[in-house]
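Let chain A serve as the given structure and place chain B on it in line with the hints.
These protein sequence lines are chains A and B, in that order.
Residue numbers for the first sequence follow our numbering, beginning at 2 and rising by one.
Residue numbers for the second sequence follow our numbering, beginning at 300 and rising by one.
Incorrect hints may appear among the rest.
To be verified - Okay, derived cross-link-like pairs now, SDA-like style, lysine to any residue, Cα gap no bigger than 25 Å in a straight line:
no.	chain 1	residue 1	chain 2	residue 2
1	B	K437	A	T211
2	B	K515	B	A505
3	B	K437	A	L254
4	A	K95	B	V572
5	A	K95	B	G366
Keep in mind that the hints were calculated from the coordinates and are not lab data.
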Amino acid sequence: MGLLQPLLRSLETGSVYALAALGIILVWRTSRVMHFAQGSMGMFSGTAVAFVLNRTGAPLWASVLVGAVVAIFLGFAVDVAVIRRLRRATTVGKEIVTLGLIMVFLGLAPILFGTEPMLLPKAIPDGAITIGDAYLSYNGLLNICLGVAIAATLFVVLQKTKIGLAIRATASDDSTARLMGIPTRSVTMLAWATAGVLGMLAAVMIAPATTVTPTFMNTVQVTALFACVLGGFQTFYGPVLGAYLIAVAGNYLQLYVSSVWGEQLLYLLILLFLLVRPNGLVGKTYLKKV
Amino acid sequence: MSDAPTTAARLARNPHVGFVVFGALLMLLPVLASSGLLMTSTLMTLGFTLIYAIVAMGLNLLLGYSGLISLGTAGFMGLGAYLAAYVQDDLGLGFWVAVLAALVIPTVIGVLVGVVSLRVRSIYLAIATLTISEILLKTFEQAEWFTHGTAGKQSRYPVLFGVQADRAVVFLIIVVALVLVMMLTHNIVHGQLGRALHAMRASEVAAQAMGVNVLKYKLFAFAVATMYAGLAGALYLFFLKSSYPSTWNLFLSLNVVAMVVVGGLRSIYGTVVGAFVIFAVPELVLKRLPVIGDVSGLPYIFSGVLIIVAIMFFPQGLRGLWDIGRGLLARRRRPAEPVETVRDEVGVR
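Just chain A, with the same shape it has in the complex (with noise of 0.2 Å):
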């Protein structure tokens, strides 16, 4: 096997870091919340695609939408009910009650969705393209360019859009953003359903490698997390380029070093990294004022 098969292949479940390392940025920056239910969002809309798809016999495509309307709503119903009222509490009281949710959404998925693990299949069943000796299936090549295209809309959005911009002056300053009179909650209200959406497709992207339970995101979630701490927290596209590093570096590590250990020995070397760079690969030096 050469050396570009587990580079596509870590391209592949970098698109699924990716977007939902991206979620957990655009909650960072617009309502500085570590959003630790990322992935259980994604599961519980990922879940409910699944449960479309198995009970109605809808095509993934329409069980998708309805995925994102689920993970839209959810977005809009944990901002209004639960974050926005937070307002006085600390940093790491909004921590805690992103902790609460993994909670509620793990518990529920189970009651709505029935205890059956379900399956979820590849967007495009079979086929695959060669590039030398490496082979990628389209759904694989698919997936790559789903990740890519939706981080690249996303930038350009943030960059050259008038919301993009109302979203970086709410992640660079709320309180001054509302006197330039930014709707700052809809900016809030807007980054949790894209979040929402975000970690959705990474659950329909990730499903088919794995079977739809309550903890199939775990992983994701916690890669993802450690996507944002390399890439760093100050800049949107940080998190992604860690998303990829990750699964590059992991899939290597994984071949060449320990099948079994290799993920583990990747994490281990980015705490290390972190004593080198304390703020991520892309990070500025972050400064607290008195």
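For chain B alone, kept in the frame of chain A given last:
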């Protein structure tokens, strides 16, 4: 704190006496069980509640004073459990060495993780501990020689001072450990360390300006939390006599966070009550309810909603409610006198 108390009153107000009385009351539970007044399963549930109270006490110190979260509680607790089993059964070194190993090794690992992650930003500790927990969980599944993998490690009741312990004796050991942990926590909070922690809580920057080494004390709080987790893990193993990797997952860590938040930050008794609400209430009450009792996700929703509600509406947790209740009672009873300020177990301003 009190003006001129008699010896008896002073003794009654001494928190350590309170802890001992509390422990003595708990020790009556196995007696009740052996006389048939209390079901054995209920005794088991209460025993685990006390074990979780020990873990939660450590996290309360960490969260309540340094505002840090550890999501690695389950991992460190599991490590304590497997170490205890390994030292007691595989190495045959006995109870005390097993407990010592369960105290020391998780703490050392915790300190290493803390040193790396705390230098950056507080939030990194949560992520780093989450990762360590995942790594440990993987280790528990893979390191067959140490943990017997997913088949589960079987152990037995310990031998203490040449006497073979049984379930009731292990329950007593748990109570003794809990009382010691309560005393130690109380002393930490009220000593020089406690003053530094308090200063840090009020304002990290001001504390730093006064010469408090913030990193050192954060690390200390985290080390204590890890140590309690290791101890609780060992007790868990001795009480259940087995350990499976699936026990030590993220949701155990989240439940411990819930215990602290629901019980009330910086409250010693509150933590015990929090452990009872989060662990024992689903076991003893929710599961026996008609219709909804069978729903599998119910305990998760119960804890999750309690966490969110506590943070949103009762940031002081049950302890805050208790204080309010006592304040109201005192006012009603003696309307002419000024309301007695509620005494603080952990000396919150």
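A quick look at each hint next to the structure:
1. A hinted pair counts as satisfied when its Cα atoms are at most 25 Å apart, and K437(B) with T211(A) qualifies at roughly 18 Å.
2. Restraint check: the Cα-Cα separation between K515(B) and A505(B) comes to about 15 Å, which is no more than 25 Å; the hinted pair holds.
3. In summary, the hint linking K437(B) to L254(A) is supported, as the alpha carbons are separated by about 16 Å, within the 25 Å threshold.
4. Between the alpha carbons of K95(A) and V572(B) the distance comes to roughly 23 Å, so the proposed pair stays at or under 25 Å and holds.
5. Distance hint between K95(A) and G366(B) is fulfilled; the C-alpha atoms sit about 12 Å from each other, no more than 25 Å.
When the structure is compared with the earlier hints, no violation turns up for any of them.
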